[in-house]
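> Each chain, written out:
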Amino acid sequence: MKLPSVPVLELPGGYRWVQHEVPMKVWQAHLLKHPLGVGALRRRQPLPWNHEGWDLIDPPAITEERRTRFAEEVSNMSFERRRCEVRELRGSRSSKPEPECYHCEPPLVVKCHQRLAEEATPARYAAETERLVRAVVDGAEVSRRLLTGRLLVALKQPDAWAGLVVMTVGRDGKDAVVRCSGADGTRAELYVGPQRQLGWRTTYRSAVAERPNERLSWVLDSPAPAPGLSLSEVFVVPRDWANRHGI
Amino acid sequence: MRSPLRERTAGALDGIAGLELETLEPGAVVVVLSAVGDALRLDMPLGPALPGELQRRLSEAQILRAVDALAESVDRWSLPEAFSPEASDSGLEWALRRRDEVVSVLTAARRVLLPRGILVDGSANAERLARAVAAHDLSCGGTLTRAEAERLLGERGELAIGGSWLEYVAWAPEEAEEGPDRAWLDAAAGDTPPSLELLEGYVVFGRLRKFIESAAARWPEVADELADMIATYREHAGRVGFIARLWDARRRPQTSESGGVVVSFERPGPAKKLAASDGDSAPEAPSIEHELGILDPLDAQASLTASDRELVLTVYAGATALREVTLGSAHAEPPVRGGVWSVRLPWDAATGDGALRVRVRDAAGRDFDAQIALGPDPA
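Quick mapping for you: the protein sequence lines, in order, are chains A and B.
FYI, this note's numbering numbers position 125 of the first sequence as 125, with every residue one higher than the one before it.
FYI, this note's numbering numbers position 264 of the second sequence as 264, with every residue one higher than the one before it.
Since the hints were made in silico from the structure, they are not lab data.
Wrong hints could be hidden among the right ones.
What the hints assert, rightly or not - So, partial list: chain B residues that the calculated Cβ filter (under 10 Å) puts toward chain A:
| # | residue |
| --- | --- |
| 1 | R2 |
| 2 | E20 |
| 3 | S34 |
| 4 | D43 |
| 5 | P45 |
| 6 | P48 |
| 7 | D68 |
| 8 | S90 |
| 9 | G91 |
| 10 | I161 |
| 11 | S164 |
| 12 | A223 |
| 13 | A227 |
| 14 | E289 |
| 15 | H290 |
Said to hold, decoys possible - Dumping the calculated SDA-like pairs for lysine to any residue here, alpha-carbon to alpha-carbon at most 20 Å:
| # | chain 1 | residue 1 | chain 2 | residue 2 |
| --- | --- | --- | --- | --- |
| 16 | A | K25 | B | S88 |
| 17 | A | K174 | B | S88 |
| 18 | A | K156 | B | L54 |
| 19 | A | K174 | B | L196 |
| 20 | A | K156 | B | T23 |
| 21 | A | K156 | B | G142 |
| 22 | A | K174 | B | E158 |
| 23 | A | K156 | B | E53 |
| 24 | A | K156 | B | L138 |
| 25 | A | K156 | B | A147 |
| 26 | A | K96 | B | G142 |
| 27 | A | K156 | B | S214 |
| 28 | A | K174 | B | E167 |
| 29 | A | K96 | B | E158 |
| 30 | B | K210 | B | L196 |
| 31 | A | K96 | B | L19 |
| 32 | A | K156 | B | L304 |
| 33 | A | K156 | B | K210 |
Said to hold, decoys possible - Take a look, some chain A residues computed to stay more than 12 Å from chain B by CB distance:
| # | residue |
| --- | --- |
| 34 | K2 |
| 35 | V8 |
| 36 | G39 |
| 37 | A71 |
| 38 | D172 |
| 39 | T202 |
| 40 | S217 |
All C-beta atoms, glycine included, are put in the ideal place defined by N, C-alpha and C.
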């Protein structure tokens with residue numbers, strides 16, 4: 001899968017998301033973990049497969065019926081006696097933190113991906129990722145203090161949150177990351193590489209949009225501050241959203 | 001000093017000024033309390049108007065409903081079976097950050113309700129919240145280290161200082177973990193006054209004794225804040241541990257006949273008859289239980305129960321075993337198991353000017369030695 005769909009997306013702060021090929025094992029592992037709910041099922045107290053709500057976006061990235069059909073077919077796929085080892089697709093459970101796709105036979109990964117592509121899940125997952133990043137391509141820098149204050153006042157105004165994506169920059173352990181959190185509960189993260197070149201890291205969702213306090217925490221939750229990184233000390237929001245709110 | 005968390009908190013305080021507090025639903029009250037609690041924990045000024053606004057316009061019912069809303073959101077935390085540094089886990093990051101916000105919400109709730117004589121910690125709502133938090137093993141079965149937890153806290157890591165809730169989670173050991181040398185913490189007292197959260201940990205549990213007491217000795221305003229907090233908690237029947245009472249007693253010494261500082265505790269009033277219609281029923285036997293907290297320098301905690309007939313001192317050993325526990329003339333028998341020592345002293349065995357010696361010795365030869373006196377319960 002190539003991300004983004006265009007050769008390059010220029011972001012504030014001199015960051016550039018240059019189109020790159022995401023290794024198929026990595027891509028497939030994320031598709032299974034997030035839209036297909038393997039990650040939700042692998043919690044200490046398992047959650048419903050659709051906990052992240054990829055069946056609720058418009059159009060849905062997956063539905064229960066499509067998931068069931070895919071799971072049955074992938075469970076029956078094989079390559080040289082190797083089969084899909086993701087137990088959650090067969091109704092059982094593993095305690096490993098990540099799906100087994102990272103260690104799967106490449107031909108089996110390709111077959112799996114082709115089958116999932118028939119359900120349009122990879123395309124929808126990629127489109128959601130790109131939507132979040134594109135929202136801040138021409139974004140406006142705003143101080144943490146100003147945006148936090150404005151959002152607090154907007155707690156009782158659900159319309160005020162429409163179209164809001166907050167870009168933050170910081171460090172998660174050894175990785176420098178750009179995080180784009182949408183008020184609808186979708187979040188995309190990109191690695192920061194040399195010369196501020198970005199690479200896709202992950203995309204996931206959380207059911208936070210209904211609760212004002214959780215929605216506020218979701219959009220403002222940032223990686224650890226890293227003063228050496230461009231834009232680490234400010235938030236970036238979509239330009240039209242900033243204009244609508246007098247920022 | 002600027003920091004991302006301080007900037008955000010300052011923004012949140014700006015925003016609160018534009019809210020109609022009395023109309024806020026529970027989730028929004030959580031946001032307000034969280035921001036106010038962050039400010040208190042960061043020792044940021046709330047401004048001249050906000051404390052009064054919170055007192056006038058935020059009701060007890062609103063705050064308790066917010067605590068309920070918080071407990072419900074805690075129930076939705078989702079943790080992995082185990083933590084792997086290679087696998088990013090958004091659910092764990094979310095839970096850790098919200099866990100830290102729980103501290104802020106409760107800190108602010110106490111600050112708003114205590115002047116009204118209401119102890120939020122004694123409410124069923126706060127107990128439910130505490131149970132909800134306790135139901136989640138944030139150490140992921142001992143696979144997450146404290147350093148990783150602090151990383152996942154992001155900008156809230158600024159609050160991960162000594163005495164915070166992170167001290168009480170059974171994190172996985174760090175690869176090159178150092179011993180329990182807290183010299184750095186004591187040294188830190190030379191730079192920054194302790195936050196309200198740290199003061200409260202000292203007052204209630206006796207945590208970070210050297211750090212807090214050296215700060216109180218250096219900054220008169222810290223000593224005043226500490227004395228006010230102790231007085232307020234005692235006035236409203238809140239919990240004040242032995243170490244804080246000892247510090248307070250040293251400021252206004254009340255000495256025994258044999259000399260030395262005497263720490264005072266409340267004793268229940270005389271037994272009362274039940275209602276007249278109960279006729280010859282036995283009188284009530286009221287009692288007061290004092291949670292004493294940590295018996296620094298020992299790794300032990302204790303409680304003291306005062307009824308109208310006797311005193312009971314119970315001492316819970318930590319990592320180091322105990323050798324001796326005495327209360328006045330009474331000596332505790334070594335426990336059969338469990339490291340829990342208990343000693344009873346009938347009132348008629350308490351002699352002299354009313355001061356009783358409490359002495360606890362551990363297997364390493366360290367002593368906790370103090371004198372106590374029990375007076376009438378002011379309530």
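> What are the numbers of the hints the structure violates, in ascending order?
Of the numbered hints, 4, 5, 6, 7, 10, 11, 12, 13, 14, 15, 19, 21, 24, 25, 27, 28, 29, 31, 32, 33, 36, 38, 39 and 40 do not hold.
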